[in-house]
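*Asks:* Take a look at the letters that make up each chain.
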Amino acid sequence: MSKNWPLWEVFVRSKNGLEHRHFGSLHAADAEMALENARDVYTRRNEGVSIWVVESKHIRASNPENNGELFEPAQDKVYRHPTFYNIPDEIKHM
Amino acid sequence: MSENQIKNIEAEFDARIARDEKIEPKDWMPEKYRQTHIRQISQHAHSEIVGMLPEGNWITRAPSLRRKVALLAKVQDEAGHGLYLYSACETLGISRDELYEQLHTGKAKYSSIFNYPTITWADIGAIGWLVDGAAIINQVPLCNTSYGPYARAMIRVCKEESFHQRQGYEIMMTLAEGTKEQKTMAQDALNRWWWPSLMMFGPTDAESVHTAQSMKWKLKRKTNDELRQQFVDQTVPQAELIGLTVPDPDLKWNDERQSYDFGAIDWDEFWQVVKGHGPMNKQRINARVSAWENGEWVRDAAMAYAKKQEESRTKQAM
Ligand SMILES: [Fe+2]
Ligand SMILES: [Fe+2]
Ligand SMILES: [Fe+2]
Numbered sequence: 001m002s003k004n005w006p007l008w009e010v011f012v013r014s015k016n017g018l019e020h021r022h023f024g025s026l027h028a029a030d031a032e033m034a035l036e037n038a039r040d041v042y043t044r045r046n047e048g049v050s051i052w053v054v055e056s057k058h059i060r061a062s063n064p065e066n067n068g069e070l071f072e073p074a075q076d077k078v079y080r081h082p083t084f085y086n087i088p089d090e091i092k093h094m
Numbered sequence: 001m002s003e004n005q006i007k008n009i010e011a012e013f014d015a016r017i018a019r020d021e022k023i024e025p026k027d028w029m030p031e032k033y034r035q036t037h038i039r040q041i042s043q044h045a046h047s048e049i050v051g052m053l054p055e056g057n058w059i060t061r062a063p064s065l066r067r068k069v070a071l072l073a074k075v076q077d078e079a080g081h082g083l084y085l086y087s088a089c090e091t092l093g094i095s096r097d098e099l100y101e102q103l104h105t106g107k108a109k110y111s112s113i114f115n116y117p118t119i120t121w122a123d124i125g126a127i128g129w130l131v132d133g134a135a136i137i138n139q140v141p142l143c144n145t146s147y148g149p150y151a152r153a154m155i156r157v158c159k160e161e162s163f164h165q166r167q168g169y170e171i172m173m174t175l176a177e178g179t180k181e182q183k184t185m186a187q188d189a190l191n192r193w194w195w196p197s198l199m200m201f202g203p204t205d206a207e208s209v210h211t212a213q214s215m216k217w218k219l220k221r222k223t224n225d226e227l228r229q230q231f232v233d234q235t236v237p238q239a240e241l242i243g244l245t246v247p248d249p250d251l252k253w254n255d256e257r258q259s260y261d262f263g264a265i266d267w268d269e270f271w272q273v274v275k276g277h278g279p280m281n282k283q284r285i286n287a288r289v290s291a292w293e294n295g296e297w298v299r300d301a302a303m304a305y306a307k308k309q310e311e312s313r314t315k316q317a318m
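Residue numbers (the working numbering), protein chains in the order written: chain X, 1 to 94; chain L, 1 to 318.
Not one of these hints is a red herring.
No farther apart than 30 Å at their CA atoms in a straight line, the calculated lysine-lysine pairs in the DSSO-like style are these: (1) Lys-15/X <-> Lys-22/L; (2) Lys-3/X <-> Lys-107/L; (3) Lys-3/X <-> Lys-308/L; (4) Lys-216/L <-> Lys-275/L; (5) Lys-15/X <-> Lys-159/L; (6) Lys-3/X <-> Lys-315/L; (7) Lys-159/L <-> Lys-68/L; (8) Lys-308/L <-> Lys-57/X; (9) Lys-107/L <-> Lys-57/X; (10) Lys-77/X <-> Lys-22/L; (11) Lys-107/L <-> Lys-222/L; (12) Lys-57/X <-> Lys-26/L; (13) Lys-307/L <-> Lys-3/X; (14) Lys-32/L <-> Lys-216/L.
Facing chain X, from chain L, some residues (calculated, C-beta under 8 Å): (15) Tyr-84; (16) Arg-96; (17) Met-303.
If you're looking for bench data, these hints aren't it; they were derived computationally from the structure.
Every residue, glycine too, gets a C-beta built ideally from N, C-alpha and C.
Use the sequences and the hints to build the structure in full.
*Replies:* Right, dumping it as structure tokens:
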């Protein structure tokens, strides 16, 4: 087993009501240390009220080479947007 | 892939950057782009880390508790900057260990400014004011650079830098308003840090090899000489305001250019320090290497502990 500390991804909720957002990554021996280090590295100026850490190896990311098949199908589905539908001008709020 | 196909994707890649699109870690990128970024980002990370040493020298001897908490917070920020940048660099497929290895063996460079000693308390003022001031000018354009993780790291860094510069200027101002000895100390620090700070912007445009490529990839938005001029124009009035004199007999306001003309930089000194012959090169690297080596048992113990905890958790689950 490698003695190098593994890499962790850090997610921080800036304040209640907002989602956790990816802030960056760091190395730590375990989850406890990752949380403590994340506190010191990413929230020195009240940037957060809650931290998630997850070991980077557990994240599966989509491959940008597949972006065509993954994301292009949504591009021609204009009927998913409200502006696709015609309604009389008299109707103001809909 | 044929050579032509590669040319086509490279052209498409450059076009994306020209359109201000960001490049993210898993996107295709030319090998040269990857290598150049690894070099620049790691060099930057190393500078933040080695940069803690000259200032760390004065933490225990800060003249008041107010100065001490400020300096501690600043040095801690620099550690943070180093960590943001190492993380950004690792997304390019190099490990933290390799990066440290490159620093410790001297394969990777860091900013030469940190090879000068901090011999009086005023040096802490001069570093915050001049060195962080120059760093800010270098760094602000990088908030818009093309590589996403680097740009995001730089946005965080830049937000934190302005306190660094202000705390340094405040130290200089206080000394300049103090006793005769204190004012002399401030002037002496300015005398020693002025020219090395100007060198922080790198060789003159005529000598600079990477500029065109770096401009295209938005690793640079202005040339070294333009940034240096910006620093001089900004800093000279700040020195005058607190009654200190910039140590350059050729310094003169140029009404036509609406800028300061300044004297020639001693580039021999610059290259000497880059090549490892500065006053503190050896001490700086020794300090890094011994911190790394003496910390090894702690890192190993932490991993052993983590492994044990993991095992006892799995046992309990069974
Ligand atoms: Fe910096
Ligand atoms: Fe910094
Ligand atoms: Fe700084």
